[in-house]
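Protein chains: 2
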Amino acid sequence: MDLQPSSKNSAFASSMGVDYIVNFNFSSANDKAEAATQFENLIAALDNVGMRTTVRPGTEGKLLVFVRFRSTQKLIGEVYRSRVKDWLHGIRPAAPDQETQRSLDKEPLTGAERLRVVHSILTHPESEGGAGITPGKGQWTLVEGIFPLHDHEFNKEWMKRWSTTWAVSNEELGNIRDMFGEKVAFYFAFLESYFSFLVIAACFGVASYFLLPQYSLIFAVVNCLWSVVFVEQWKRQEVDLAVRWNVRSVSQFQSKRAQFQPETETKDPVTGEIVKVFPAWKRLTRQSLQIPFALGAGVILSALFAVNFGIEVMISEVYNGPFKSVLMFTPTVIGTVTVPILINILSNIATKLTEFENYEHDSAYEAAMVQKVFVFNFICSYVPLFLTAFVYVPFAHVIVPYIDVLGFLVQPEGEKMGTQAMFQIDPDRLRKQVIYFTVTAQAVNLAMETIVPYFKRKAFKKAKEIQDKRSGKEIVYVNDSPDERDFLDRVRNEAELDVYDVNDDLREMCMQQFGYLCLFSPVWPLTAVSFLVNNWIELRSDAAKICVEMRRPIPHRADSIGPWLDNIGFLTWLGSVTSAALVYMFSTTATGSPNVLTLTGLLGSIVFSEHIYFVAQVMVRTTLSKLDSPGLIKERQERFIIRRRYLQESMGVDEETEAHNLGGAGTFDGGNEEFWGIQKSPKEAVDAGKEIINISKKEQ
Amino acid sequence: MDLQPSSKNSAFASSMGVDYIVNFNFSSANDKAEAATQFENLIAALDNVGMRTTVRPGTEGKLLVFVRFRSTQKLIGEVYRSRVKDWLHGIRPAAPDQETQRSLDKEPLTGAERLRVVHSILTHPESEGGAGITPGKGQWTLVEGIFPLHDHEFNKEWMKRWSTTWAVSNEELGNIRDMFGEKVAFYFAFLESYFSFLVIAACFGVASYFLLPQYSLIFAVVNCLWSVVFVEQWKRQEVDLAVRWNVRSVSQFQSKRAQFQPETETKDPVTGEIVKVFPAWKRLTRQSLQIPFALGAGVILSALFAVNFGIEVMISEVYNGPFKSVLMFTPTVIGTVTVPILINILSNIATKLTEFENYEHDSAYEAAMVQKVFVFNFICSYVPLFLTAFVYVPFAHVIVPYIDVLGFLVQPEGEKMGTQAMFQIDPDRLRKQVIYFTVTAQAVNLAMETIVPYFKRKAFKKAKEIQDKRSGKEIVYVNDSPDERDFLDRVRNEAELDVYDVNDDLREMCMQQFGYLCLFSPVWPLTAVSFLVNNWIELRSDAAKICVEMRRPIPHRADSIGPWLDNIGFLTWLGSVTSAALVYMFSTTATGSPNVLTLTGLLGSIVFSEHIYFVAQVMVRTTLSKLDSPGLIKERQERFIIRRRYLQESMGVDEETEAHNLGGAGTFDGGNEEFWGIQKSPKEAVDAGKEIINISKKEQ
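Line by line, the protein sequences give chains A and B. Quick note: the first sequence uses UniProt numbering, first residue 1, plus one each step. Quick note: the second sequence uses UniProt numbering, first residue 1, plus one each step.
It is worth saying that the hints were derived from the structure and are not from the lab. Take every hint as true, because none was put in to throw you off.
Identical copies look the same in the list; a pair holds intra-copy or inter-copy alike.
Okay, derived cross-link-like pairs now, BS3-like style, lysine-lysine, Cα gap no bigger than 25 angstroms in a straight line:
# : residue 1 : residue 2
1 : Lys235    : Lys282
2 : Lys32     : Lys683
3 : Lys683    : Lys62
4 : Lys352    : Lys282
Model, not experiment: these values are computed from the prediction.
Generate the whole structure from the sequences, applying the supplied hints.
And the structure:
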C-alpha cells in the first residue's frame, strides 16, 4: 500500500490517462462501409456513457480506440454509487461515508476499482446505463477486445520485490488486489497459503523418505490429515480475506451475462425492483443433464486411456519382435492424437450444456464450465496412475493373456513358454510414473508456460518485423507523432498478448499439484519437496507471466477461488481412499514379504481410512470454527457500529437512556388490587412471611 | 393469534396479575432465623429490581412469594430495551420502531416475551441489573423454584382445538410460541414436520409390506432417501422459523450461566464492552476429554448388554434344566438392576465433565450435556438390536459353544449330542424385537408418560389430604381469604408439579422413533405406521402433559432443536450403513434360499450404500438451497430496508440522485492533453478512424 499512491500517479501519467483500449479489427469486416458504420457506432456508444475517445492505428488491420472518463467528477460519482450499491446488498459490512469526497479520502480509489467501474460501464447493457459493448458478439463483431494497460512501473517493482523475498505478505496480496482485482489476488493468496503448508509437508516427506518404510501407513495418515487441515483452514482464510476486501458474497451480485435469456419478470422480493428471471427448478432440471454427461465423458476418456495403456504394456513388456523401439511410440502417438480431439469434442458439448443451463451471472457460468471440464482434467491427470496402481500391478498376470489377442506378435521371436511365463510385472512402474508426473511433467510445464512463450514471442516479432520491412508495411506507423511513438509501440505490443484466465493457473495448482499430493504421495514421499521447489518458482513465474506475457487482466471481483474449493475438498476425500488402498496393496510386512491381499482387506482399509477422514474433517472444522478470525470480527463490528449509529441518529436517543427514562417510579396499575393490597409494602410482605414461618415452626 | 389478546387479558385477571411465583421452602432451613433472613433478602432483592411482592402460605413448610412488575412503564421499557438489544446483536433483522409505544403497538407484547423479560430480571446477576436469584444455589438455598402460572383458559382452548384438528398449522405454532416460548414451539414444529413426513413413510411402508419381499432393497433405499430429505428440509425449516420468530442465532447471545467461571477480562472486539471470558483453546482441550469418556461409557454399557444378552440366549434357547421358567427372568432382573445404576454413575461423570468444560451460556451447557447423554441413550436403545442382528443371527452357532462355560447346566437334562446340535437360532427374533421396540415399548411409554402420572398424582393427593386431615395440618389454609381460596389452591397445586424439559421429549422423538425408523425399518416396514399412530397421539398428549402435569415452562428462546439436529443427521447416516447390512445379510434370493454371505459382500454393500447416501445428501441440499424460503427472503428484505433507510436518513439523499447529481457535464482534467487533444470531439475521432480504415484498405 505504501508505494501505491506515488506509483499510481506516475503510472497514470505514463499511460496517458488511458483507462481502456478497445481493439477494433476492421480488416475482418466484409467491406469498408460496414467497418466505418460499426466504428461510428462504437464511438457514439462510448460518447453516450461519458467517455472521451481518441483513435490511433493499431497493428495491421486494426484500430486502437483509447477510452477514458470525460470528467473526474462523473467517475467519482460512479465509484461512490457502486460502493453504496455494494453496501445495500450486504457485500461490504461498513457503509461508505455519507459524503462522497470523504468516502474517497478514507478509502482511496485503487487502480482495480477504477478499472472495474469503467469496465462495467463499457460492458453493462444499455438498460442498466452501460454502453453494452460485448466483444465479438451482437452488433460488436469487429470489437476484438477491451483491455487496460499494464502499469509497468508497478510490475517492475513487483517482480523485483518478489524475487528477493521468501514469502508473500498480506500487504503484497493487498497490492495485487489493488492492481489486478480480487479474483487474481485470491489465486495468489491460495498459492501462498498452499506454499506455506507445503513447507510442512516437504519436511515430513523428507523425514519419511529416510526413516519410514515405503508405502508407510504413518505417512499416509499424516498426509491425509495435512490435506484436511489445509482445505479447512483455507476455507476460513477465504472468508476472512473476502470480508477484509469487502467482497463477501459478491459472487451472487455479479454483472449479468449478456447471453442470459430470462423467461419471466418478477418483483425482487428483497429490493422491490422488477427483475428478469429464469426459474430455479427449470435450471435444476437442465443441470441434471450434467450427470449423464460426466458419466459418459468419464467412461469414454477412461476407455481410451485403458486401451492405450494396454497397448503400451503389450509393446513395452510383452512384445519382443522387430521394430520394438519404433512401436514403443505407438501409444504416445495415439494419445497425442486422439485425446486432444476427444477433449475438444467433449468441451464443445460441455459449452453447449453450460449455455443451455442459462446462467444469469458470469461467475455462475464460469463455475459450471469449470466443473464440467474438471471431469476431463481428472481423468487425464489421474487415470494413467489408477490404471497402473489398481489394474496393472494386481491384475496384469490375469489380464495380459486376454488382451494378447495379437498373440502372433510374440510367436516369431522364438519358442517361448507362452505369454504368461514370459511376462514380468514391472514393480517400480508406479513409482516411476508418479515421479514423472510430479517432477518431470512439472518442469516441462513450467518451461512451456514461461520460457517457451517468451522465445516464441521474440521469434514471431522478429519474423513479423522482417516480413513487414520486406513488404513495406511499416508505413502505417510513420504517422505516429514522435512523442507518442514509444507509447504506441507499447500499446500495440500489449494488444497482441493473450488474455489471462486465472482458472488455468488454479487448475494447474489443484489438479497437477494438490491432487497428486493427496492421491499418490504415499508412493513417493518426496512429492511435496518437488512441489515446494516448483511452487516457489511458480509463484514468481506466474507473476512474471501476468506482467509480461498477458494483457493486464480486467480486475474482476471474487469472494473465493470458486468451484476449485469444492474440487480440492473432493480430492482430499479421494486421497483418503486411494492412500488406504495404496498402503494396503503395496506395503510390505515386517518380514519383507508382501501381504496376502484380499478384497475384504482392501475394502476394510478403505472404509476405515475414509471414516477416519470424515471424523478428522469434522474435528478440524469444529476446532477452527471456535477460533475467531480478524475478518469476521471486523464484519460483526462494522454491522454493530452501523446499527448503533442508526439507533442514535434515527431515534435521537441512546438505547440505554431510553430504557432508563422509562423506568421511573411508575404507579401500580392493572392486576387485582385486593390480592396485592393485603401487604402494602415489602416490609409488610416480609412480616407476613415471617409470621407464617413462625406459626409453622411452632406446629412442627 | 386471533384469540391471543382476549385470552391474555382474561388470563391476566384470573391469575391476579402474577408474573412469577417464588417457592420458598423454609422448612429445609437449619433454624427459624436463617429462614427469616433469607426470606428478608429475597423480598429486598425483588423490591430492588422494581418488583411488587405479596406472600401467602404454600403447601407444608413453604411460602409462596407472588411477584409482578411494580410499574407497567418500567416493564414496557425493559421489553423495548430487550428488543433493541436483540437488533443490535443481529438476532432480529428488523429494527424495532423508533418510538417505544409504537413498537409495542406494531408488535404486541406476548405472554412469553413478558415472562422472558421478567425472568431475566429475576435471574440475571446483579452486575447486569438483575436480582440474581439462582434457585437452590449460592445465597438462595431455600428458594425451591421460580415458575409462572398456567393460563388455564388458553390451555383449555388449545386442548379443544387440537383434539378436533388433524394437522398443526403455522398459526398454532405461533400460539405456542406466544405462550410457552420458542424452545417449546420448536419442539412442536419439529413434531409436526416429522408427522407429515411420517404420512409418506407410512403409506410406502404399507405398500412395501404387501408388495415387496422381506428385507427389500427397494424399501431400504427409499427409506434412506426419505430420512435424508426429512433432515435436510427440517434444517431449512428451522432457519425459516428462526427468522420469522426473530430468534436467529439467539443461542449465541443467551444469558450467562451463574456457574460460569471466567478466567480473563477482555474487550469485546464487536461492541467494545469489557467482557469476562474463558479462552476457547482451553475449553477445547477440556472438551477433548469427551472422546475417552464416550468410548469408555460405550464399551462398558455395551459389554453389560452383551453379557446380559449372552445369558438370555443361554437360558432361553440352550438351557433346558429345572427352574427354566424362573431363570428366564434373570437377564431382565440383571438389566433392570445394573443398567440404571451404571447410567446413574456415568451421568454423574458426564455432569462433572460438562461443568469442567465451563460453558458461558446455558444453551451451550445444555447442548454439551445432551451430547454426552446421547451416548447412553444410543447404546440402551440400539445395542440390543445390533446384538441380535449382527452377532446372534450370524455367529450364534460359533459363539454359543464358547460362552457355554456353564455347560454343566445342560448335562443333567439327558444325553444330548452336545450343545451345538441342540441349539437352534430363532430366525424371527430380530423381527419380534423390532416390533417390541416400535409398538409395545411405544405404547408402554405413552401410558407411562400420560396415564400413570395422572393417577399417581390423584392417589398421592388423596393420600396427602387424608394424612393432613388426620394430623390436623389443614389449619394453615384456614387463613386463606375466601376470595382467594380457589386461586391459592390452584397455585399450590401447580407448585407441586414437575418442571418440563423439552429435551426429554426431543430425545424420545429422535432416539425412540426416528432412530428405529432409520436403522431398523427394513426389518419391519410397518414401523412408520406404528409411529404415525403413536405420533398423532403424542402431539396431543405432549400438549396435555405441558398443560396438566407440568409447571408452565419458562419461555426460553431457541433458534433450533439444538444438538438433536446433529443427532438425527448422525442417525440418517448410520441408517444408510445398517440398512445395507440388514438387506445384505437377511434378504433372500429369488429362489428363496438365503444368499451366501461373505465379509467382502457385506463391506461392499455398506460402502456402496454409504456413498449413495453422501451423494443423495449433497444433491438434496443443493436442490433445497436453490429454492428460496419465505423467512430468508424476509430477512434479506428487512436488512435491505434498514440499509436504504439509513442511507436516506443519514445522508439526506437517495443514492440514485447522489450519483446522478455528481454525474453532470464535468470538465476534462488530468491525463496527457497533447495525446487526447489530437482529436477534439467524438466526430474528429470517427473521422480519424475512418481515415485509417481507408488508407489501410487501399494498401491491401
